[in-house]
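FYI, in the numbering used here the residues of the sequence shown are 9 to 261.
A hint or two may mislead.
Distance condition first, Cα-Cα at most 27 Å in a straight line; then the derived BS3-like pairs of lysine-lysine [what the hints assert, rightly or not]:
| hint | residue 1 | residue 2 |
| --- | --- | --- |
| 1 | 139 | 110 |
| 2 | 110 | 256 |
| 3 | 256 | 70 |
| 4 | 139 | 233 |
| 5 | 211 | 196 |
| 6 | 118 | 256 |
| 7 | 110 | 70 |
| 8 | 161 | 196 |
| 9 | 139 | 256 |
| 10 | 256 | 233 |
| 11 | 233 | 161 |
| 12 | 233 | 118 |
| 13 | 233 | 196 |
| 14 | 110 | 178 |
| 15 | 233 | 178 |
| 16 | 110 | 233 |
| 17 | 139 | 196 |
| 18 | 118 | 178 |
| 19 | 139 | 113 |
| 20 | 178 | 113 |
Quick list of the computed label-pair ranges, beta carbon to beta carbon [unchecked claim]:
| hint | residue 1 | residue 2 | range |
| --- | --- | --- | --- |
| 21 | 81 | 177 | 38 to 44 Å |
| 22 | 204 | 173 | 16 to 22 Å |
| 23 | 156 | 247 | 22 to 28 Å |
| 24 | 196 | 257 | 35 to 41 Å |
| 25 | 116 | 168 | 34 to 40 Å |
| 26 | 244 | 113 | 16 to 22 Å |
| 27 | 257 | 175 | 24 to 30 Å |
| 28 | 206 | 68 | 24 to 30 Å |
Please keep in mind that the hints were generated in silico from the structure rather than gathered at the bench.
Glycine is no exception: its CB is placed at the ideal position from the N, C-alpha and C atoms.
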Amino acid sequence: MVAMRTAGSVRRTAAVAAAGLVLLAGCGGSGGERGDGKGDGADKGERPGGPARGASATTHLKNIPEVGAALRSRIPAGSRQVVAVYGEGVNSADATVVLYDKGAKGWDQKGRWAAHNGRRGWTTNHHEGDKRSPVGVFALTDAGGVLADPGAKLPYTHSAAFTPPSYWSKNTRHDFDYVVAINYNRVKGTSPLDPTRPEGQSKGGGVWLHMDHGSGTSACISVPKPAMQALLRALDPARNPVVVMGDKAHLTA
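Based on the provided sequences and hints, a complete structural model is requested.
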């Protein structure tokens, strides 16, 4: 693996494409993002969910809106960036992603986008093949994609190994043009293509933030391309970014 540093971003080149294809075949721990664009909540733009709009609701907040004590206690004290994923329901594939940044006066909303999660919804006990996204708080330390680095602050692996296999449906062809690895059952500080599963293969893995194809995923969180570009340019390892994700009932517990 070769690493180069340019404009504060580490660009990694994957050495073995085959290893990347093995990982992609299990992205989300369930045999790949093979959505058909139907029935899982096709993206129709910005949806309700998460915090209310308006300056009073989105700036200088003491806490991340609609995140209860259980998950709030798991956000590291040193985290100054939070990607909140507000799932519509425990069995829903629809979600809203909101980026928060903490300044001297509290948390400020920096971006808000329609999104999708696992096509069968959410779980607190994710396992390979369940088609549900894991509820929890996870660090965001590594990024990559088929496309060249758009200006990421996180270490970025630019590799064709992210390309979905040809047998996946056509609407998934660009899912992994940009990705941010969610540190669920993976080794932080490595490329998203690293297939290592510290908790075992049965617990799934390869859970990423990636580009949306219009319906639910295998376990990942998907957002439109402009959202992925904005997140990659905003997420800063110096601010210890994390994702807080789940359906409304689990988030507010």
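Checklist entry - Broken hints, numbered, in rising order? => result 1, 14, 18, 19, 20, 24, 27 and 28
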